[in-house]
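Chain A is fixed; fit chain B onto it per the hints.
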Amino acid sequence: MSVELRNVRLPLAHFELEVDATLDGRVTAIFGSSGAGKTSLLELIAGLRRPTSGLVRLDGTPLTDVATRTHVAPERRAVGYVPQEGALFPHLSVRRNLLYGFDPRRARPGGLSFEHVAEILEIGALVGRAVGTLSGGEKQRIALGRALLATPRLLLLDEPLAGLDAPLRERLLPYLARVRDEFGIPMLYVTHSPDEVVALCDSVVVLARGRVTAHGRPAELFQPATTPRYELKG
Amino acid sequence: MSAEAWQITWFTVGVAALSTLAILPFGVALAWLLARRDWPGKSLVETVVALPLVIPPVATGLLLLKLLGRRGLLGGWLERTFGWEIVFTWRGVVVATAVMSFPLLVRTARVAFEGVSPRLENVARTLGAGPWRVFATVTLPLAARGLVAGAVLAFARALGEFGATIMVAGFIPGQTATLALSIYHLVQLGRDTEALTLLGVSVVIAFGAVWLSEWFLRRRPA
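One line per chain: the protein sequences are A and B, in this order. Using our numbering, the letters of the first sequence map in sequence onto residues 1 to 234. Using our numbering, the letters of the second sequence map in sequence onto residues 1 to 222.
No wet-lab data here; the hints were simulated from the structure. Among the hints, a few may not be true.
[Said to hold, decoys possible] Part of the chain A face toward chain B, derived, beta carbon under 10 angstroms:
#: 1; residue: Ala87
#: 2; residue: Pro90
#: 3; residue: Pro152
#: 4; residue: Pro167
#: 5; residue: Leu168
#: 6; residue: Phe222
[Claimed, not checked] Sample of chain A residues lacking proximity to chain B, with all beta carbon distances greater than 12 angstroms (derived):
#: 7; residue: Glu75
#: 8; residue: Ala150
#: 9; residue: Tyr175
#: 10; residue: Val206
Here a beta-carbon is modelled for each residue, glycine too, at the ideal position from N, C-alpha and C.
Isolated chain A, as found in the complex (with noise of 0.2 angstroms):
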């Protein structure tokens, strides 16, 4: 898998995303602060954005590409995408969220069956009930479940682990790293914890004020750290 994006240009509000990068990872990392331009990108490369200038490429097509006016509309691209703090669909079922983007005329590859994906993020028992009584996390991996029963060529995943607590995060990490090892679609994930960069990325974009300052494997632009921490006595 590659993502190609050749001289990629899009103003935000405080400046200007401009990047020159192939992201080829099973697991890519776009990592950064907030407002460093990270969810921008990747809503360029699921469609919902158009670029001023520049070439979006998955695995050699062109999904978007300024100087032939070429635009692959966000729902033939099959990128999936998850955003931050998964955006169900509040008035549809569990069930209906999941089934919304699964086509079942249309060829899985690698076992993505409704069963399959329902065993790996252990979401069997939420089916049956309705979105406004699940956790933040349960909601978490059902979006990733929805996405997948979509049978994206790409996955996008904006700060999955972001709205959750610490001991919520590290349980669900590990549902990230089986989707990852189980169905091989290759993911772009946006973050901002390098300990996440770490346990589940294979390679990383570091991204500030909308450009690339820095591309690699995770242990060469990462180095364990110890910081002050303080915790209640007794």
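The following block gives chain B in isolation, referenced to the frame of chain A:
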């Protein structure tokens, strides 16, 4: 209640329902365009649509009268093409109430569409749904409460319309006499008892419409 009162009641409800149904597709489409798209002339259209709310209904009625009369720009064409007479007919009542209630529908529906998170629509697109499927399965159901509220507001406005209707359709018993026009007419003639009966009918219909919409909204929790 007299046969005449029944006739006036059914005529009024029928006209209000017809005018609400007639403006519903256009009002919802325009509201969506205002909420979700930027286009040249948008603020001009916004202002024109809001005009019936701010200028006196009688003035709006006069404008429609000039436009829809036999020698009017639109009226002449409608009569030649379809053989439709608008002014001083039941059609005139429908047009007047439709124009007067249109801004209420558009405003309420626009707020409803603006309340639907674009993130949900975006996710639906990435799940393979084209723009129409997104509208039908995400936008419309999530805006439904507001759309129903807008339709009820438009219907209520149409029930009570007076100023524009009297200009465009006049007061012709059995043909253009609505509840509001009849109440005014009866009071002018000193037939207060009959006027009070029609007042009672108006209250019952209004109560029913509001109750029905509340029931509908309760049925679909947000």
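Reported absence of A/Ala150 from the contact zone with chain B (all CB gaps over 12 angstroms):
violated (5 angstroms)
Hint validation: A/Pro167 versus chain B, beta carbon distance must be below 10 angstroms. Holds or violated?
violated (27 angstroms)
Given A/Ala87 as an interface hint, is its Cβ closer than 10 angstroms to any Cβ of chain B?
holds (5 angstroms)
Non-interface claim for A/Tyr175: all C-beta distances to chain B beyond 12 angstroms?
At about 19 angstroms from chain B, A/Tyr175 clears the 12 angstroms cut-off, so the statement holds.
Hint validity - A/Leu168 Cβ closer than 10 angstroms to any chain B Cβ
violated (22 angstroms)
Interface hint check: A/Pro152, Cβ to nearest Cβ on chain B, cutoff 10 angstroms. Holds or violated?
holds (8 angstroms)
Verify the interface restraint on A/Pro90: the C-beta must sit less than 10 angstroms from at least one C-beta of chain B.
Nearest chain B Cβ about 7 angstroms off; hint holds.
Taking the closest pair, is the beta carbon of A/Glu75 still more than 12 angstroms from chain B?
violated (5 angstroms)
Let's test the interface hint: is any C-beta of chain B closer than 10 angstroms to that of A/Phe222?
With a minimum Cβ separation of about 30 angstroms from chain B (threshold 10 angstroms), the hint on A/Phe222 is violated.
Closest CB of chain B to the CB of A/Val206 still more than 12 angstroms away
The assertion about A/Val206 holds, with a minimum of 25 angstroms to chain B.
Consistency note: the structure conflicts with the earlier hints numbered 4, 5, 6, 7 and 8.
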